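Model the placement of chains Z and F on the given structure of chain V, informed by the hints.
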Amino acid sequence: MRVESYNTLAEAARAMGPDAVFMAGGTLVMRDVNAGTSAGRVVRSADPALTEIRATGDGFSLGSGVTMARVLAHRDLAFLAPVARAVGGPQVRNMATIGGNIFAHHPYGDFAVALLALGARVVLAGQGGAKPLDDLLRERGRSGGTSPIVASIEVPRPRDPRAFGFVKVSRIKPKGVSVMSIAVNLPRDGGRMRGARVAFGAMGPAPLRASAVERVLEGQSLDAATIARAAQLASDGLDPPTDALASAWYRREVAGTHLRRLLEKMERG
Amino acid sequence: MIEFRKEFFANERDDNLNEIGKPTRRQDILGHVTGRSPYFDDHLFEGLLHIRCVRSPHHHARIRRIDISAAEKMPGVVRVLLGKDVPLNLNTLLSLLDFGLDDEPVLSETKVAYKGEPVAAIIAESEAQARAAVKMVKVEWEVLPHVLDVEDALKPGAPVVCDVYPTNRFIYHGKFDHQKLRYGDVEEAFNRADHIVEGRYQMSPIEQAPMETCGAIAAPEVNDRFVCFTSTQGLFFSLGTAAKLLTMPSSRLHFVGGTVGGGFGGKVDSMHEPLAILGAMLTGRPCKYAWDREEEMQVGAPRGAERWYIKDGITRDGRIIARKFTGYFDSGAYTRLSSYAIIKGVGHLPGPYTIPNVYADVFCVYTNRTPATAMRGFGITGVDFAIEAHMDKVAETVGMNPIDLRILNSYRDGDMKAHRRLAKNCALVECCQVVAEKGGVALSAESRSATSLTGGGGERARLPARTATDQAGAVSGFKGGNYARKGGGASGPQPVAMPVAAPAPAYANSPQRPAAPAYQPAATAPPAASPPTPPADTARHGALRFSSLSGFRRR
Amino acid sequence: MAKKPVTFMLNGSERAAFAEEGLNLLEFLRRAVGDLSPKYGCGQGTCGACTVIIDGETHLSCLTMAEAVQGRKVETASGLANGKVHPLQEAFMEHFAAQCGYCTPGMLMSAKVLLDHNPSPSRAEVIEAISGNLCRCTGYEPIIDAILATANTRRLA
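In order, the protein sequence lines correspond to chains V, Z and F.
Quick note on numbering: the first sequence equals residues 12 to 280 in the working numbering.
Quick note on numbering: the second sequence equals residues 5 to 559 in the working numbering.
Quick note on numbering: the third sequence equals residues 519 to 675 in the working numbering.
Worth double-checking, as some hints may not be accurate.
[Unchecked claim] Listed below are several chain Z residues computed to face chain F (Cβ distance under 8 Å; list not exhaustive): (1) 36; (2) 38; (3) 41; (4) 45; (5) 46; (6) 92; (7) 204; (8) 207; (9) 210; (10) 214; (11) 216.
[As the list claims (entries may be wrong)] For lysine-lysine, the following DSS-like pairs were computed, each having C-alpha atoms within a straight-line distance of at most 30 Å: (12) 139/Z / 522/F; (13) 348/Z / 397/Z; (14) 602/F / 77/Z; (15) 276/V / 184/V; (16) 184/V / 421/Z; (17) 315/Z / 159/Z; (18) 348/Z / 315/Z; (19) 522/F / 26/Z; (20) 115/Z / 159/Z; (21) 77/Z / 591/F; (22) 397/Z / 428/Z; (23) 421/Z / 397/Z; (24) 602/F / 591/F; (25) 521/F / 139/Z.
FYI, nobody ran anything at the bench for these hints, they're computed from the structure.
Nothing here was measured: the structure is a model prediction, and the numbers come from that model.
Glycine included, each C-beta is placed from N, C-alpha and C at the ideal position.
Just chain V, with the same shape it has in the complex (with noise of 0.2 Å):
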């Protein structure tokens, strides 16, 4: 195994191959070096701008290299701080990346799901423009090929902060990896939601979206009947995974009171 450093996102860019797996924070990758099942390189950049935090027109510009910790300090972040505060204890908020976040596999990545479901843009080193969240993560569980690196994370501030919403499912607290997390996203136009988002982590082979929740909560308003409909279809076109935590007959069957019980504590504000 080799470890190579590069100053430059670009440089570090330019060296992935399919033989190479690029550290962030080290809380996914160190795991499979100290197992000896790491890619034959791993590739390292101590670039800047991969910890900088801007503020942006509709939002913010987050470097990939940005901690939980640093999440939680920002006070313009306060939406994000539960998400945060979610993923591992404090020693791992002080080292996990919101880029390596997006590649980590159940029962991680919750803080993936809710980018997913605020529709966060990705904009990946050496390439031009950014890309929805929503295709990485569907190319994530294909195999082969290099890996992107991922520069930056465009993150839309939620126009009305009650509109966000989110909850790790999890066995033990304050410190336990999900048997699911779900982020809802819900703006509303008039009292009636346009553009609902919903996302579910450990729930697939990659953070998903309900896109039959989606289709039933949009242009209505968030009443019981809404929610109870909602509810019924949480697990529609999900794939979840059996694993040491839950079965995946067991995370089928809880998805809809959890889904409910978040959406009732978003109506009620």
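Just chains Z and F, lined up with the frame of chain V:
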């Protein structure tokens, strides 16, 4: 929060003791808080080598061939160990206590019986190099059918997990394929009971999960000795095991231990010391063999799973007059300490209750799961869960408050217990009363006035007038006494044949005098059809030392 | 395997040693530098026994590449006592906050950073602060008590 209820048994206790009842500091606490307590891995050696094992990916498989040629050429590899390199490659932990047949290899040569069983060991300059070389060992497996459920393992035609015990049952006292408890006559009592309550209870294996994983470092010392730093919970146990497997006098082994990063029973199996010392013997260099967390979880022996069937006979007023157990301990692929867990568990039956007729058949069953071992109260915790769950079921059946039911049936001082000892220092009645008080449960007047000091003895001190015995599950071809020879030589007599004896007439009378318990431990009876026994005082040494284990205790 | 020189501050003194490529900070500190106070518990970042302080924040040394501490400040439990035991260590001794002792060095690191940032933590904040450190002897209550007692003593002093 600890609360002392000193009003109970005040005249039996001296509260003016210098240490007991007073807060004190641990003697090792300064080392702990300064990070200087020396755990096994906190000893640095120049040129330390690292051992990692090649493990079975199958639950059950025959080994056709092990090809180590590619692994030997890997960078940093100093030596590859196979079963043939281990001087005595077969052991059972309790052979040191003269209990059970040698059944488990250090490195398996012919077949594996659980997922993760080691078949080869790489010794390399670094752990990373050892890991890389492990992947290069090629093993040709012939996958065999496996069995993962205790009752399935006892069915005719089930895969034979461990050749030493061909019926997948441990052999007790050389006589039976299960441990028996016979006290009174449960069948007779069931016939006159007002209610019969039956239940089935089961628990899963539980991993001890100590913070520090199991491991050992061994190094050549002066004067042809080896030093071994180990995480073991039983230093002399591991020392004896290593001496046996390496066929060397224990005086050549210098064991250092005692500072252990949590054990909870999971660090008595002595898996690491023999291999680390063997590595040091064959390479002349210090060797470390330690599990990573994944190994600790996968191959570290857990508290074994248990399954219990309980049948109670109860009178209308809530007195339990008979209790029958059938128990299955999942020993996993090898014996380790499960045989002993059952001895301990059966001594505990029927729980802390005075029941005049008790029966138990408890099987130590081999399955293709990870071998099970000790863990905090093992042998007791699982059956206690079953017993107490069953007590609630009984209470529901007779329409009694479950705490009243327990107080009614609790041991009182002076009561005869099913293992033929008189109960003393009982306190369950008082515990139940405090629990009821804390939980706001209203007890009956009888329960409130009950004490452990009153109501026992007398008639209740007598052994049953008649105990029904039987020969079900009798075996032949095993010796009753020393199962495994001491001194690291060949193991004891192997089973020649083990036909299950024809069921003897059930409930043959064995009249006993009430005053003096006349129970004869099976092992003291002359074993049927066994080879000549070696001189008693040498061969029995271990058994006598560990007499309470096999029920041989004499007063 | 290539080795890289790593120079860093350990408990206030400059240290330099060679790290094999990909070696984690835990093994580097223990084998190359000789500080045995951080412990191996899992190598996966789940137990916290290897917790050290890097530039004032807790990190898992098993998931930190050794070369990443080049030029940085590392603190471990072995450096906590400075001539005399640290008040946290005294409180841990007083409150029976260690049984097997294996989680203790990591626990102390998390507790120290908590009190450095927040001299009067609530019980809930203490629980949150040590939530990344497992104690398998399940002695959490005395540990929480010891940390709260340290904060109280400091407030009074």
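Structure-based check of each hint:
{"no.": "1", "hint": "36", "result": "holds (3 Å)"}
{"no.": "2", "hint": "38", "result": "holds (5 Å)"}
{"no.": "3", "hint": "41", "result": "holds (5 Å)"}
{"no.": "4", "hint": "45", "result": "holds (7 Å)"}
{"no.": "5", "hint": "46", "result": "holds (4 Å)"}
{"no.": "6", "hint": "92", "result": "violated (31 Å)"}
{"no.": "7", "hint": "204", "result": "violated (30 Å)"}
{"no.": "8", "hint": "207", "result": "violated (19 Å)"}
{"no.": "9", "hint": "210", "result": "violated (13 Å)"}
{"no.": "10", "hint": "214", "result": "holds (6 Å)"}
{"no.": "11", "hint": "216", "result": "holds (5 Å)"}
{"no.": "12", "hint": "139/Z / 522/F", "result": "holds (27 Å)"}
{"no.": "13", "hint": "348/Z / 397/Z", "result": "holds (25 Å)"}
{"no.": "14", "hint": "602/F / 77/Z", "result": "violated (52 Å)"}
{"no.": "15", "hint": "276/V / 184/V", "result": "holds (20 Å)"}
{"no.": "16", "hint": "184/V / 421/Z", "result": "violated (44 Å)"}
{"no.": "17", "hint": "315/Z / 159/Z", "result": "holds (22 Å)"}
{"no.": "18", "hint": "348/Z / 315/Z", "result": "holds (21 Å)"}
{"no.": "19", "hint": "522/F / 26/Z", "result": "violated (54 Å)"}
{"no.": "20", "hint": "115/Z / 159/Z", "result": "holds (22 Å)"}
{"no.": "21", "hint": "77/Z / 591/F", "result": "violated (41 Å)"}
{"no.": "22", "hint": "397/Z / 428/Z", "result": "holds (28 Å)"}
{"no.": "23", "hint": "421/Z / 397/Z", "result": "holds (23 Å)"}
{"no.": "24", "hint": "602/F / 591/F", "result": "holds (22 Å)"}
{"no.": "25", "hint": "521/F / 139/Z", "result": "holds (24 Å)"}
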